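**Q** Kindly produce the complete structure, drawing on both the sequences and the hints.
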Amino acid sequence: MLILEEIKERLKDKIIDFYQHSARRVYILIEAKYIKEVARILFKELGLRFSTATGQDTPKGLEILYHFSFDKTGHIISIRVLIKDKDNPQIDSLATLFPAAEWIEREMWEMLGINFIGHPNLKHLLLSEEWPEGKHPLRKNVS
Amino acid sequence: MSHKVIIPIGPYHPLQEEPEFFRLYVEGERVVDIDIVIGYNHRGIEELSEHKHFDQVAFLVERICGICSTSHPFAYVNAMEDLAKIEVPERALYIRTIIAEMERIHSHLLWLGLAGHFIGYNTVWMWAWRYREPILDCFEMICGNRNHYAMMKIGGVRRDIEEQHISFLKKTLDEIAKAVDMFKGAIMDDPVIKARLKGIGVLTKKQAIEWSVVGPTARASGVNIDVRRDDPYGAYDRVSWNVIVEKDGDIFAKTKVRILELYESISIIRQCLDKLPKGEIEAVVKEIPSGEGIGRVEAPRGECFHYVRSDGTNRPIRHKVRAPSYMNVASNKVSAVGGTISDAAITLAAVDPCYCCTERVAVIDKSTDKKIMNGWQLIELSQKKTEIIKKIFSKNK
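Protein sequences appear in the order of chains L and S.
Heads up: the first sequence begins at 0 in numbering that gives the first Met the number 0, then just goes up one per residue.
Heads up: the second sequence begins at 0 in numbering that gives the first Met the number 0, then just goes up one per residue.
Simulated from the structure, these hints should not be mistaken for laboratory data.
Keep in mind that this is a model prediction, so the values were computed, not measured.
The C-beta atom is built at its ideal place from N, Cα and C for all residues, glycine as well.
Taking beta-carbon pairs under 10 Å as the criterion, some of the chain S residues facing chain L (in silico):
1) I35
2) P231
3) R295
4) V333
**A** Put into structure tokens, the structure is as follows:
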């Protein structure tokens, strides 16, 4: 329980919603503008490991879940952000904080068309260089 | 004046499960930069999964990897059981654990063989693969397939391990334990292998954390993580075993971690077989509610991560898959740079990605665009280095 209390304490008013699905699975909703600050606190200060991120197209907007793993207790803290502007979605890049985020941000950029501000190497990862611009396979309006 | 040469490694080979392409930038003997290109085998499995029934997805994700083929369905069913809060019968948890550890044994032996081949120890290659065969035979006995075991299903397992299988499996484990003793002696006490692998392809603890590497790659760099212990699933919290951690972060440490893990896997399977409780092997699962779930498994290469979201229909609305190599391969950017070309093949292979890619290496002179070397020659170069070290050692005797 200790690590959850500490995260609550450190993130405080940045937390919009705190949801514990099961003993070791926690989802925290924050505003997209705080992501870099929150990731810095979790990764650099509290020593969580960056597992991966899940980007998805939802009716409300583009959602990213940043999954952080606290290996001492087996918790996965998933930080949820919602980017409402689907036409020009953007968010701060975490790749400048830790290189582990570099690939997954490139993947979300090509699959969902999210622009990661400040990413050092934002180019195709899984799709071919010849992939048509503006077509994002994981957007729900793409068939 | 420095003369920069680019060495492309990859991307395709029929034997690779994940094609990748390394472009090595070389000055003289030294690798000064590396560009990693992946995605050649991108099949859109995450998108495909959204069009399959929850039960079918287990078969789909089993096809992601041909070597650790049970890790993905295992992580997927863990995610689904987290989502729908399903209680799995004890016997099924033990059977899942046995299958996962058998897979670790065959996967580590496969790596050991190829690593041996890369540095010119072809006997290690032959022997490691010879002892991998009986494990595949056991798989065939239990589930009818040498690979793609199709054992995992939401709420349990598809097949039971029968009484007559247990004695055969135990006998095979005894045989493999003796072989691991042999490998441990032949590899860890060999001065030439030590000279060849110590201090090569180092990934420091700080780098390992920054790149968030997982599995034996992380544990060899002193990062003490293992999903089996940290976030227990299956029957791992019901048996006793150790997490193997080394400090040096070089290829020797990675090799040592994998060899010692073989002992732990054998011990886990033996304990599971002894404790195997009687009873059902699957729970009845009727409907999957809406919600989200995360499942993790310690695959032979590290943490395998699955996230599933359901909207109450019979198909996932989003399924995220992150294989361990996704984190580990990226870290080659730091571990291979600074080394020599003769160490490149084994360094890139040390995170246990796909080895065969290096058979397609071509060394090209940047100024003339002329091919200097092909893949076999790069492996030969690596093997020759071992020969030279062997000669030095025999002279000193």
